[in-house]
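*Asks:* Assemble chain L onto chain H, guided by the hints.
Number of protein chains: 2
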Amino acid sequence: MLEALRQAEKAFRKNEVPIGAVIVKNGRVIARGFNKREKTQNALFHAEIIAINKACKKLKSWRLDGCDLYVTLEPCPMCSGAICNARIDKVIYATSETTSHDGLCEMILSSTRLNHKTLLVHDEKYQQECAYLLSEFFKSKRNKKT
Amino acid sequence: MLEALRQAEKAFRKNEVPIGAVIVKNGRVIARGFNKREKTQNALFHAEIIAINKACKKLKSWRLDGCDLYVTLEPCPMCSGAICNARIDKVIYATSETTSHDGLCEMILSSTRLNHKTLLVHDEKYQQECAYLLSEFFKSKRNKKT
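As they're listed, the protein sequences go chains H and L.
When the letters of the first sequence are read in order and numbered with numbering that gives the first Met the number 0, they come out as residues 0 to 145.
When the letters of the second sequence are read in order and numbered with numbering that gives the first Met the number 0, they come out as residues 0 to 145.
A couple of the hints might just be wrong.
Dumping the calculated DMTMM-like pairs for lysine to aspartate or glutamate here, alpha-carbon to alpha-carbon at most 20 angstroms [claimed, not checked]: (1) L/K35 <-> L/E15; (2) H/K53 <-> L/E37; (3) H/K59 <-> L/E15; (4) L/K59 <-> H/E15; (5) L/K56 <-> H/E15; (6) L/K53 <-> L/E2; (7) H/K38 <-> L/D64; (8) H/K59 <-> L/E2; (9) H/K24 <-> H/D67; (10) H/K124 <-> H/D67; (11) H/K56 <-> L/E37; (12) H/K124 <-> H/E2; (13) H/K56 <-> H/D67; (14) L/K38 <-> H/D67; (15) H/K57 <-> H/E37.
Calculated from the structure, these hints are not laboratory results.
Next up, chain H with everything else stripped away, as it sits in the complex (with noise of 0.2 angstroms):
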């Protein structure tokens, strides 16, 4: 988690909302990402996303069997379909403050209605630290407004 961590704070110094994503295989990172949306102006480009593709290209399959993500805040739906789609055996994530989908994750990893079950797992060893970046970069985003 220390990794995925240090990807979201690449995206804090990149003024992206402050979220990281590593998979991990065999006890190795195969794949990282940070939130790139405001940078390639793309909704697609969350954290988790990134992190896929690359394990994706890596693996040369589409199907991430085996892999771990681990990822600094809770999945929104898309990352959580994803996650689905490529057969993701676990999620790790650290916090689930700030988002505003809490449930729809679990929802979509555990569903009987798709072809794949992903375990999903909320690790607190580095809960505040994640949090806390997110609510920094929010509170910095606000005073700019003000």
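*Replies:* Here is chain L on its own, set in the frame of chain H:
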């Protein structure tokens, strides 16, 4: 929708699950996509994602306000989430046959927990053609296996 069907036919010819999508703004098609998951070996490359990616690049904005997305099959959770994230106004789909995620799309697009609501419309005009293409595809896959 005929344009989306043409895209799905392209996917069929390339031995991909035949799903096509187009994005329309002010009555003009601004982006097209067809499913390329197998060719690219990438879990993200659904027709809708490819079309959204192209539309963001074309409009140089992650906000696709004023855009409608036509798609031959009711979108999966990943694509439904992406549609929401891109602030697309309306999704028009031809069929929901063969999908196992029936209901999740509407739940995501209309969720009060997200920042945006997208209208979901079922257009029956090319329903039979779009469903036939999918059933022929899966029939040919089953025949190859036996």
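*Asks:* Going straight from one Cα to the other, do L/K53 and L/E2 come out at no more than 20 angstroms?
*Replies:* Holds - the C-alpha atoms of L/E2 and L/K53 are around 16 angstroms apart, at most 20 angstroms.
*Asks:* Sort out whether L/E15 lies within 20 angstroms of L/K35, counting only the CA atoms.
*Replies:* 6 angstroms, holds
*Asks:* Going straight from one Cα to the other, do H/K53 and L/E37 come out at no more than 20 angstroms?
*Replies:* Roughly 16 angstroms separates the two Cα atoms, so the pair holds.
*Asks:* Would the hint linking H/K57 and H/E37 be met if the CA-CA limit is 20 angstroms?
*Replies:* Given pair H/K57, H/E37 is violated - Cα atoms ~25 angstroms apart, limit 20 angstroms.
*Asks:* Next pair to validate is H/K124 with H/E2; report whether the Cα-Cα distance is within 20 angstroms.
*Replies:* 13 angstroms, holds
*Asks:* Quick one, are L/K59 and H/E15 close enough, alpha carbons at most 20 angstroms?
*Replies:* Within the cut-off at roughly 17 angstroms; holds.
*Asks:* For the pair we were handed, L/K38 and H/D67, check the Cα-Cα distance against 20 angstroms.
*Replies:* Violated. L/K38 to H/D67 sits at ~24 angstroms, over the 20 angstroms cutoff.
*Asks:* Given the hint that L/K56 pairs with H/E15, test it: the Cα-Cα distance must not exceed 20 angstroms.
*Replies:* 18 angstroms, holds
*Asks:* Within 20 angstroms, alpha carbon to alpha carbon, are H/K56 and H/D67?
*Replies:* Distance of about 16 angstroms is within 20 angstroms: holds.
*Asks:* Next pair to validate is H/K24 with H/D67; report whether the Cα-Cα distance is within 20 angstroms.
*Replies:* 7 angstroms, holds
*Asks:* Does H/D67 lie within 20 angstroms of H/K124 when you go C-alpha to C-alpha?
*Replies:* It holds: about 17 angstroms lies between the C-alpha atoms, which stays within 20 angstroms.
*Asks:* Holds or violated: H/K59 and L/E15, Cα atoms, limit 20 angstroms.
*Replies:* At roughly 17 angstroms apart (the allowed maximum being 20 angstroms), L/E15 and H/K59 satisfy the hint.
In terms of the numbered hints stated before, the structure departs from hints 8, 14, 15, listed from lowest to highest.
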